[in-house]
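Spelled out, the chains give:
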Amino acid sequence: VRAANATASLVETAARAERAAVLAVIAREVRDLALAEDAVQEALVAALVQWPRDGVPQRPGAWLTTVARRAAIRAVRSRARLAPDSVALERLEAFDAAGAPPRLGDAQLELVFACCHPSLALDAQVALTLRTVGGLTTPEIARAFLVAEATLAQRLVRAQRKIRDSGIPFAVPAPEQMAQRLAAVLGVVYLIMRPRPVAIACASTCATRR
Amino acid sequence: MQYAVLLYADADLDAGPDAPEWQQSLPGHQAFNAALQERGTDYSGAALHAVNAATAVRVRDGERLITDGPFAETKEQLWGFYLLEAPDLDTVIELSAGFWEAEHGTVEIRPVIPMPGG
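Those protein sequence lines, which keep their order, are chains A and B.
Heads up, the first sequence is in this note's numbering, so the first residue is 851 and it goes up one at a time.
Heads up, the second sequence is in this note's numbering, so the first residue is -13 and it goes up one at a time.
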């Protein structure tokens, strides 16, 4: 029993540590946060089944990325029947074939810039960043914003959809745009990093201003 | 991805080659066209006559109602548009920032819904 518990906590620790990084890699390839989240979730579930049985792989992040990428390919393919997205599929398959090690840090930085894109409302930027980069759950963010969970969930879905439908790039901006874009990112980071009561007040003020 | 770039300008402005604003906006459009041709991008577009040339069509209870003017009173009028292919939103923002309309009105970028088999 103790061994099983130890494995379970190992799996959970590895999953927590790797989730955001794996999500960033998948998201930049499919440019679809909702789809990427589902794919990563599928990989985490697979890990919960397989790791206690076969042991935690040497590079849990790489393992999770491979499984999540396969899940993403399946999802993109089935979606392609409705609206063809050959670009996402090509990108995913090229990555798969090359087996290149994902540049985790870069992917996460690109994810931050996508979540803090100025074409998203400020409250959506903060919520998305907390969720995808910070790894907070929807109920946790809803509490911080002092809004109903359903309201926040809908706000997140809308923001994720906007990233996908408007083709917001998962990329570090061009040098001439960097100053402005970085200011937006820092504004969001500032809201997130401030002592909690202040952050809550700021976030809810921003939310009600719109 | 395909994008529609919608150019809005003051509703009181006249459109067409005789309007001074038309001349002022030309360099921005020439630069835009040159940039897209250099990229080899497929695109199309049109400049529109001013809102006083607009006709509104509504069918209510099977009855056709034809009236003058735009569908709503707005401070800005749709002045022209482009349809173009671009890899992402930032590319279109970059291309759109050079328009006279961006400085004096608003440029709205709208992603186009991909049609199955289209």
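Think of the hints as simulated: they come from the structure by calculation, not from any bench.
Remember, it's a predicted structure, so these values are computed and weren't measured experimentally.
A virtual CB, placed ideally from N, CA and C, is assigned to each residue, including glycine.
Among the hints, erroneous ones may be present.
To be verified - Heads up, incomplete: computed chain B residues facing chain A, CB under 7 Å, no partners named:
{"#": "1", "residue": "M(-13)"}
{"#": "2", "residue": "D74"}
{"#": "3", "residue": "L75"}
{"#": "4", "residue": "D76"}
{"#": "5", "residue": "P97"}
Point to revise | Broken hints, by number | key: none
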